[in-house]
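S.K.: Using the supplied hints, reconstruct the complex from the two chains, each of which is provided in its own coordinate frame.
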Amino acid sequence: MSDVWEYFQKIQDEDNTIILSINCQLCEAEYGVSTSTTTLRRHLTGVHSSVYTSNKQKQAPPYTLAEQKHITVNLAQWISVDLQPFSVVERVEFQQFIHTLDSRYTIPCRQTIKQEIDSLFSQRRTNIQLEMNSFTTKVALTTDIWTSSHNHTSYLGITMHYIDNNWDLKKCILDFIPIEGSHSSRLILSKIIDLLQEFNLNNRIISLTTDNGSNMLACGRDLANELEICFCNLSFSYKRCAAHIINLAVKAGMKHLDTSIMKLRRFVIKIRNSQVLLDDLKSICRIKNKEFLMPIQDVETRWNATYQMIERQIVMQDVMEILVNSHENILKSLYPTSSEWPKIMVYILF
Amino acid sequence: MYKATKLLSSSSLPTQGDLRLTFLGMLASLQQYNGLSNQHNIVNAIYNKLEIYWHKHLSESSAISAILNSHYKTTIFNNLVERNECIDHLKNLFSSYITNSHITPNRTSEETLQTSRNYFLNMINRQVHSSAENIEFDEIDTYLNTSNDINADPLLW
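Each protein sequence line maps, in turn, to chains A and B.
Residue numbering for the first sequence follows this note's numbering, starting at 1 and increasing by one per position.
Residue numbering for the second sequence follows this note's numbering, starting at 1 and increasing by one per position.
The hints are simulated quantities; they were obtained by calculation from the structure and are not laboratory data.
Relax, there's no trap hidden among the hints.
Taking beta-carbon pairs under 7 Å as the criterion, some of the chain A residues facing chain B (in silico):
hint	residue
1	TRP167
2	ALA242
3	ILE246
4	ALA249
5	VAL250
6	HIS256
7	ASN304
8	VAL346
Distance ranges between label pairs, derived from CB positions:
hint	chain 1	residue 1	chain 2	residue 2	range
9	A	ASN165	B	ILE150	21 to 29 Å
10	B	LEU7	A	VAL315	16 to 24 Å
11	A	ASP318	B	THR142	53 to 61 Å
12	A	SER214	B	SER11	26 to 34 Å
Derived DMTMM-like pairs: lysine to aspartate or glutamate, alpha-carbon spacing no greater than 25 Å straight-line:
hint	chain 1	residue 1	chain 2	residue 2
13	B	LYS56	A	GLU226
14	A	LYS255	A	ASP298
15	B	LYS56	A	ASP211
16	A	LYS263	A	ASP280
17	B	LYS49	A	ASP298
18	A	LYS114	A	ASP175
19	B	LYS49	A	ASP144
20	B	LYS56	B	ASP88
21	A	LYS239	B	ASP88
22	A	LYS170	B	ASP149
23	A	LYS263	A	ASP318
24	A	LYS191	A	ASP211
25	B	LYS56	A	GLU228
26	B	LYS6	A	ASP211
27	A	LYS171	A	ASP82
28	A	LYS171	A	ASP211
29	A	LYS343	A	GLU311
30	B	LYS6	A	ASP168
31	A	LYS170	A	GLU131
32	A	LYS332	A	GLU321
33	B	LYS56	A	ASP222
34	B	LYS56	B	GLU82
35	B	LYS49	A	GLU300
36	A	LYS255	B	GLU51
37	B	LYS3	B	ASP153
38	A	LYS239	B	ASP153
39	B	LYS6	A	GLU300
40	A	LYS170	B	ASP153
Since the structure is predicted, the reported quantities are computational estimates derived from the model, not experimental observations.
The C-beta atom is built at its ideal place from N, Cα and C for all residues, glycine as well.
Chain B with its partners taken away, still in its complex shape (with noise of 0.2 Å):
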């Protein structure tokens, strides 16, 4: 408790990932005392607050941008059909800011041209969305798909 108030309070730019990481860190570790310790009063009673706290008001608020953090990505979950939920609202949440603004994916300049002829293709065949939808996910799936760095900027991906 000590450790994860020190981080959070003392960090300059503590993150929601960091956030994530010291909630699930600290109900691990009191689920681990609560075993071992002869304090199963005081143990219960942070756990459950702390519990109720992060199921209503932390973990839904926090997944996304946690996801969006190249120090964590989809390291800090609880379990499997959690992270499959936030990557699917994550990919949705891509598609209509996609569709609702300027912004582009990412391209290496050899696509860049193969890019232009499809979007002239798909401007025929007035198959737009579905095109940029894929060109999303695949932005996304290379995002996931590639190791986690901790001493990365997460602002730089």
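Chain A extracted, bound-state conformation (with noise of 0.2 Å):
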């Protein structure tokens, strides 16, 4: 950033969405909003000379390029762990910020952001391989695919597990790769055949654990086949994730759940989509000087989430009571009564 920015000003409008004018802050002369900072500069040197070149000579020199990129390194790690846009590079307040701290470095553009982050993951990529090639011993593989609510994308998370050379154990992410169409056995094996030669690992690999669903549980299968067919890998064994066979089989207890678990869940509904009810069980809790717990929703996909619902009710019980009585005409109706609390206690038992 320009050390013309030390001496003017963007002058916004209402919103702060439209700079209407550059304005001198030691004399207020305005300028164009598309006024260069050569102009500028001439204007401080011209009209402020003692101030602008004796704050000049006291400014240190600018950083090295060494200096410069071991900064813009640091920057492009904490953009991509934090999950930050590239963009955020180019906001005034976050340059602001990052002048205020350090007026010698010089914040790179979004594009240079990408291409250092895009050259820290192949390098990161070739450490792993490096690492990977200096022992020999076994590794198991984990694999799921998850779909981000932000882009809609689908991806194949794949983790690897090993014991390194001073027996202690790893893991580490080995790919996050987006997966176009339909997520069949098929695809999701070529994805995992081809990261295992990039990482020559066919002969290296001892298991995959997977979740239950068919198409993962085919891939299982054929990998089995395909690398003692081809590598003679006969020590490759295909594992079920055992959180995922526990989650299965409560979903097939809760095929017989007593109606007052329903009956609390759709109670539990009706208030998280009640702004009213939420505010006035917030106002109880503060005057019985209660914590508020946001009422917990079962989903059939989150694990303990029925058990979840009911133990913060089972917390939440005695404001729950004083809510349900100063809204009987809605809530009476959806509260379980005092018959039915003994059969929705006996589940978290389990």
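M.R.: Structure follows, in structure tokens:
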């Protein structure tokens, strides 16, 4: 960022959306929004030469290319780890913040940041390959498909677990592959085989763990055949995720749920969907000097959600009863009765 | 079920031993509830599902790893027959590893000289295989006969 911005201010409209003019903070001289920094610097050297040149002499010399690069790498790491948009470097507030901390650093543009992150990714991938080549132990992989709610893209995440030369158990994300189209076993298999070849793991993989989805099961079976036929890897075995099996068992039991649980679920949905009820619940919590905890609604795909829904209701039972009494017409019929609560309590014993 | 899910999902390094512990614990706990609870349908449904997966996909594949975990060793088995079968299988596996690789069993320094003599004697007498097996089984038996240590690092035996 140019040093002239220490002396000039961008004047914006009331909504802070449009820049109206650029004003000198020393003499209030006004310039158009498209005025170049060269013109602004000429103003400073011509009109305020004593202030500008003496301040400029005090300034430390700019960073060398290596120093500048070192800071940019750290900036790129923060942007990638914190999931910031590349355009954050072009935000005026961010630029001012960095300039306040260190006026010697020139913030790169978003294209440079993108290149830097690509470079970091390649470098990290190479490091993993080098590390894998430095020892000969077996590796175990886990994989799952996850769909981002942000860009509605599906990703195949593959994590590697291994024991290094120091006998320390290690794990790292091996890849995070965008998946387009149907999540077929053939597609998943091809992605995994490509990855195994890239990292030269065909003879070193001992297991693949996935959920119990039919596509994953088929992929595991086909991978075992492929490794045996093409790479004589007979030690590979396909594993099913144990936590997912517990979830399947719980879901099998949930088919026999008592109606009292369904009633509690409707009660929770009613409260969560009403801002008035939520505000009243918060007020009751304040009066009772109790921490407000949002009612939890169970979701089929979220593990432990029914347990958590019941547990949360038990914790909040005293304030919930006050809420029910103050909104009898809406909530009385939805709230479990004293004879239904013992049936609900049975579920948290499991 | 909640505790089991939390244990397996939140642990940074869950082992096959942890898996056996939680699954056998859940099955035992559900059997206990089946007699007490008035929710037989739910208990039965969960138990049956877990039991199917346990016998079909988990029990056999987790046994050897669980024995080699110094936290549990042979404590997490349903019965003696299954346990002894797994120990025999482990010994066979260990033998084949020793035969097919350069791995040597741990020996104390006092034993080293004696072992070297044995080695040459065995070379002469062509009895390398049987002698090596004894050393291997000694190591497994020593491991199994020492008490479990829940605080030990399973990778440091």
